[in-house]
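Just so you know, the protein sequences line up as chains U and X, in that order. Counting in the numbering used here, the first sequence runs from 109 upward without gaps. Counting in the numbering used here, the second sequence runs from 22 upward without gaps.
Bear in mind the hints are in silico, worked out from the structure with no lab data behind them. In this text, all values refer to a predicted model and were calculated from it rather than measured experimentally. Glycine included, every Cβ here is placed at the ideal spot set by N, Cα and C. Hints are supplied without guarantee of correctness; some may be wrong.
[Unchecked claim] Quick partial rundown of chain X residues pointing at chain U, CB under 7 Å, derived from the structure:
| # | residue |
| --- | --- |
| 1 | G63 |
| 2 | L64 |
| 3 | E121 |
| 4 | P126 |
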Amino acid sequence: ILNVEQSPQSLHVQEGDSTNFTCSFPSSNFYALHWYRWETAKSPEALFVMTLNGDEKKKGRISATLNTKEGYSYLYIKGSQPEDSATYLCACNAGNNRKLIWGLGTSLAVNP
Amino acid sequence: DGGITQSPKYLFRKEGQNVTLSCEQNLNHDAMYWYRQDPGQGLRLIYYSQIVNDFQKGDIAEGYSVSREKKESFPLTVTSAQKNPTAFYLCASSLLGTTEQFFGPGTRLTVL
Numbered sequence: 109i110l111n112v113e114q115s116p117q118s119l120h121v122q123e124g125d126s127t128n129f130t131c132s133f134p135s136s137n138f139y140a141l142h143w144y145r146w147e148t149a150k151s152p153e154a155l156f157v158m159t160l161n162g163d164e165k166k167k168g169r170i171s172a173t174l175n176t177k178e179g180y181s182y183l184y185i186k187g188s189q190p191e192d193s194a195t196y197l198c199a200c201n202a203g204n205n206r207k208l209i210w211g212l213g214t215s216l217a218v219n220p
Numbered sequence: 022d023g024g025i026t027q028s029p030k031y032l033f034r035k036e037g038q039n040v041t042l043s044c045e046q047n048l049n050h051d052a053m054y055w056y057r058q059d060p061g062q063g064l065r066l067i068y069y070s071q072i073v074n075d076f077q078k079g080d081i082a083e084g085y086s087v088s089r090e091k092k093e094s095f096p097l098t099v100t101s102a103q104k105n106p107t108a109f110y111l112c113a114s115s116l117l118g119t120t121e122q123f124f125g126p127g128t129r130l131t132v133l
C-alpha cells in the first residue's frame, strides 16, 4: 500500500510570513509528484508537476522542490497573502498503474 | 470556457435510492475519474475511464457504477448497495498519457 503523508495538517500564519509544507511519498517506482491548491468552494487547481530528482519549480511566490531518492517534496510560499489561504494537496504517481495517491493536505490560513 | 462541470452542487436523497451524479468536460480529455472525499481522508479513487466504452474500478468501487458512452461525459451512479454514500464527490479529467488532472467543482451528496 502506497501512502502519501503531508505535514503539518494545518497552519496559521500572518500576512507577510513565509512558510513551507512537506510531502513524503514512497520513493520506489516513483513517476511524478503533484501539488494542487484547493480553495474553499472552488475546484482543486494544479500548481506543479515534478518528475526529476532535484527538480525545482516556481510560480510567483510559490515554489517547490523534489527529492525522489529520499521521497519528499517541499512547497514554499514567500510573503504569504490572505488569498493564499487554501488546502494544499500533494499526490504521487507510483507503481505499475500510475494512479494518483493523495495526501490529506495542509490547510493554510493567512491572517491579514 | 473549457472546463469540467458537475451537477448538482448539493444533492439530497433518501436511503435506499439510487442517485446519479453528472460530470461533463469540454477539454477533449480522454481520461476521466471519480473521487470521493471524506473528513480526515485523502481523495480516494472510485472509478476511472481512459477511453470511451471502457472503465476500471478504483480503490473503492463497491456500491458505485459508471458509464462512458461519450468522451465528454462520465456519470457516476451511487447505488443503494453503497453503505456510506454521504460524501463529497469530485470528477476529474486528463489527457491520455499525462498525469495532471483537472477537476470539477464537486457534488456534495447527503443521504438522509
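Structure-based check of each hint:
1. Given the 7 Å rule on beta carbons, the hint for G63 of chain X holds: about 4 Å separates it from the nearest Cβ of chain U.
2. With its C-beta approaching chain U no nearer than about 4 Å, L64 of chain X sits inside the 7 Å limit, and its interface hint holds.
3. Checking E121 of chain X against chain U by beta carbon gives a least distance of about 5 Å; that is within 7 Å, so the hint holds.
4. Checking P126 of chain X against chain U: minimum C-beta separation of about 5 Å stays under 7 Å; hint holds.
In this structure, every one of the numbered hints holds.
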